[in-house]
Amino acid sequence: MDESDFISLLRNKNESGFKELVDTYSNKVFNTVLGFVQNREDAEDISQEVFIDVYRSVENFKGDSKFSTWIYRIAVNKSLDHLKAKKRSKRFAFVQSLFSGEDTNLSTDVPHFEHPGVILENKEHAKVLFYAISKIPENQRTAFTLHKVEGLNYTEISDIMEVSISSVESLMFRAKQNLKEILKNYYENNF
Amino acid sequence: MKIIFNETASFKKINLLNNQTMKKDINHIVEKTLESFDGMEQAKANPFLYGKIISRMQEVNDESAIVYRKKLVLRYAIMILLAVSLNAATVFSYLNFHSKKNSVSYQSGISMMEKEYFNTELDQY
Numbered sequence: 002m003d004e005s006d007f008i009s010l011l012r013n014k015n016e017s018g019f020k021e022l023v024d025t026y027s028n029k030v031f032n033t034v035l036g037f038v039q040n041r042e043d044a045e046d047i048s049q050e051v052f053i054d055v056y057r058s059v060e061n062f063k064g065d066s067k068f069s070t071w072i073y074r075i076a077v078n079k080s081l082d083h084l085k086a087k088k089r090s091k092r093f094a095f096v097q098s099l100f101s102g103e104d105t106n107l108s109t110d111v112p113h114f115e116h117p118g119v120i121l122e123n124k125e126h127a128k129v130l131f132y133a134i135s136k137i138p139e140n141q142r143t144a145f146t147l148h149k150v151e152g153l154n155y156t157e158i159s160d161i162m163e164v165s166i167s168s169v170e171s172l173m174f175r176a177k178q179n180l181k182e183i184l185k186n187y188y189e190n191n192f
Numbered sequence: 005m006k007i008i009f010n011e012t013a014s015f016k017k018i019n020l021l022n023n024q025t026m027k028k029d030i031n032h033i034v035e036k037t038l039e040s041f042d043g044m045e046q047a048k049a050n051p052f053l054y055g056k057i058i059s060r061m062q063e064v065n066d067e068s069a070i071v072y073r074k075k076l077v078l079r080y081a082i083m084i085l086l087a088v089s090l091n092a093a094t095v096f097s098y099l100n101f102h103s104k105k106n107s108v109s110y111q112s113g114i115s116m117m118e119k120e121y122f123n124t125e126l127d128q129y
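First to last, the sequence lines map onto chains A and B. According to my numbering, the stretch in the first sequence is residues 2 to 192, in order. According to my numbering, the stretch in the second sequence is residues 5 to 129, in order.
Rather than coming from a laboratory, the hints here were simulated on the basis of the structure. Since the structure is predicted, the reported quantities are computational estimates derived from the model, not experimental observations. Among the clues, some could well be false.
From the derived model, a few chain B residues whose C-beta atoms are all more than 10 Å from chain A [claimed, not checked]:
| hint | residue |
| --- | --- |
| 1 | 66 |
| 2 | 70 |
| 3 | 77 |
| 4 | 93 |
| 5 | 99 |
| 6 | 102 |
| 7 | 116 |
| 8 | 118 |
| 9 | 120 |
| 10 | 122 |
When the alpha-carbon atoms are kept at most 20 Å apart in a straight line, the in silico SDA-like pairs for lysine to any residue are as follows [what the hints assert, rightly or not]:
| hint | chain 1 | residue 1 | chain 2 | residue 2 |
| --- | --- | --- | --- | --- |
| 11 | B | 27 | A | 183 |
| 12 | A | 136 | B | 33 |
| 13 | B | 48 | A | 114 |
| 14 | A | 20 | B | 31 |
| 15 | A | 29 | B | 50 |
| 16 | B | 48 | A | 40 |
| 17 | A | 181 | A | 138 |
| 18 | B | 56 | A | 54 |
| 19 | A | 124 | B | 42 |
| 20 | A | 124 | B | 36 |
| 21 | A | 177 | B | 44 |
| 22 | A | 29 | A | 56 |
| 23 | A | 14 | B | 59 |
| 24 | A | 185 | A | 85 |
| 25 | B | 28 | A | 192 |
| 26 | A | 185 | A | 175 |
| 27 | A | 14 | B | 58 |
| 28 | B | 56 | A | 56 |
| 29 | A | 124 | B | 59 |
| 30 | B | 36 | A | 148 |
| 31 | A | 181 | B | 28 |
| 32 | A | 185 | B | 48 |
| 33 | A | 20 | B | 65 |
| 34 | A | 177 | B | 29 |
| 35 | A | 181 | B | 39 |
| 36 | A | 85 | A | 41 |
| 37 | B | 48 | A | 175 |
| 38 | B | 36 | A | 42 |
| 39 | A | 149 | B | 46 |
| 40 | A | 136 | B | 38 |
Yeah, the Cβ is synthetic: ideal placement off N, Cα and C, and Gly gets one too.
Same shape as in the complex, but just chain B:
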């Protein structure tokens, strides 16, 4: 029993020691990692960077010219569409108004005639 107890105690001791060394090791590695940027050199840019910038600026200019042209075309298209729809609306309302007017005058003529007819009939009795 005493032997088992001693063995467990020694295992615990070994584990504790292992943990302590591991902690020490980790702290050491963390410190080394934090120092890993020491003596670092500057990264060099692409030697053709200027050329790339110029071609990119050109591309952007071309794109914006295309966008400008597209916007212009769209603006004209909207204006034409508006003019056409306004004209169409005017013609439609004009025709609608006239057809209503005609039907009203036609109907009112019939009803007047109807009234007159019935009124004369009533008058007779």
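If we strip away everything but chain A, and leave its shape as in the complex, we get:
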């Protein structure tokens, strides 16, 4: 089934078409979201939201880009929104703990996430790299995650992020520079 078939079936609210869509894109969406949120439960929740959103707003898909690009875009936006909300709630909890005097455990600033797709010998390094990715600016993180975790090429990333290919190249370059710096600091303090 190609993309136009999916779209017409979804526009008719066809259930088997929707099932086919979920089966085709579930791993792509889940893997992308997991790369951003770095938590399996959150990634499952967000993946569900992405497909519900696709089902409900398929009428808004104008066909300017590929259908897969549109789905990736929704997945990326939802993941970034989730991260922002998490950051906000963390900040709020911190302020609350200042007033209440309670010692809430907010020190999650350590490498903790293990991606299930990483090969065994790289597990420990990958954990630190995921930690470093969470520290770089949002657009650099998006480009790096889509390229390195989801394996998309620069053209696909430029379509998803709605920027030029040279911008993606520059984002990747800056992401690598920042990651190098963060990793260097991390290893200097934890060597």
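Got chain A; can you put chain B on it based on the hints?
Below, chain B alone, put in the same frame as chain A:
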């Protein structure tokens, strides 16, 4: 004195060498870390994802139906409350107006009588 100087110099040299090896090691680890995503496989989604999505959509639909019903009830409640309060306000203002009118007419009667009485008294003198 010369021996002490030589020892300090050699310590400095060792430290420098250590620092250089450490820097080299750190750079090597950083490079290895940056390459740690190579050969990475795609994470697999939950095989029951579709079922979960469908039940979630059902839940959302049920919730929105409940919210719709609640909104409807609230709307009727507000309408009834408005009608009752409007009626109450009308009755209250009607009663208030009549009681004022009565008291005014009663008071004005007394004052007229008072004026008339005093006027007649003045006229006599």
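Evaluated hints:
no., hint, in the structure
1, 66, "holds, 14 Å"
2, 70, "holds, 18 Å"
3, 77, "holds, 26 Å"
4, 93, "holds, 44 Å"
5, 99, "holds, 53 Å"
6, 102, "holds, 58 Å"
7, 116, "holds, 71 Å"
8, 118, "holds, 70 Å"
9, 120, "holds, 76 Å"
10, 122, "holds, 75 Å"
11, B/27 / A/183, "holds, 15 Å"
12, A/136 / B/33, "holds, 19 Å"
13, B/48 / A/114, "holds, 16 Å"
14, A/20 / B/31, "violated, 48 Å"
15, A/29 / B/50, "holds, 12 Å"
16, B/48 / A/40, "holds, 14 Å"
17, A/181 / A/138, "holds, 14 Å"
18, B/56 / A/54, "holds, 14 Å"
19, A/124 / B/42, "holds, 11 Å"
20, A/124 / B/36, "holds, 11 Å"
21, A/177 / B/44, "holds, 18 Å"
22, A/29 / A/56, "holds, 17 Å"
23, A/14 / B/59, "holds, 16 Å"
24, A/185 / A/85, "violated, 26 Å"
25, B/28 / A/192, "holds, 13 Å"
26, A/185 / A/175, "holds, 15 Å"
27, A/14 / B/58, "holds, 13 Å"
28, B/56 / A/56, "holds, 14 Å"
29, A/124 / B/59, "violated, 35 Å"
30, B/36 / A/148, "holds, 18 Å"
31, A/181 / B/28, "holds, 14 Å"
32, A/185 / B/48, "violated, 32 Å"
33, A/20 / B/65, "holds, 19 Å"
34, A/177 / B/29, "holds, 19 Å"
35, A/181 / B/39, "holds, 11 Å"
36, A/85 / A/41, "holds, 17 Å"
37, B/48 / A/175, "violated, 30 Å"
38, B/36 / A/42, "violated, 29 Å"
39, A/149 / B/46, "holds, 11 Å"
40, A/136 / B/38, "holds, 14 Å"
The structure fails to meet hints 14, 24, 29, 32, 37, 38 from the earlier list, while all remaining hints are met.
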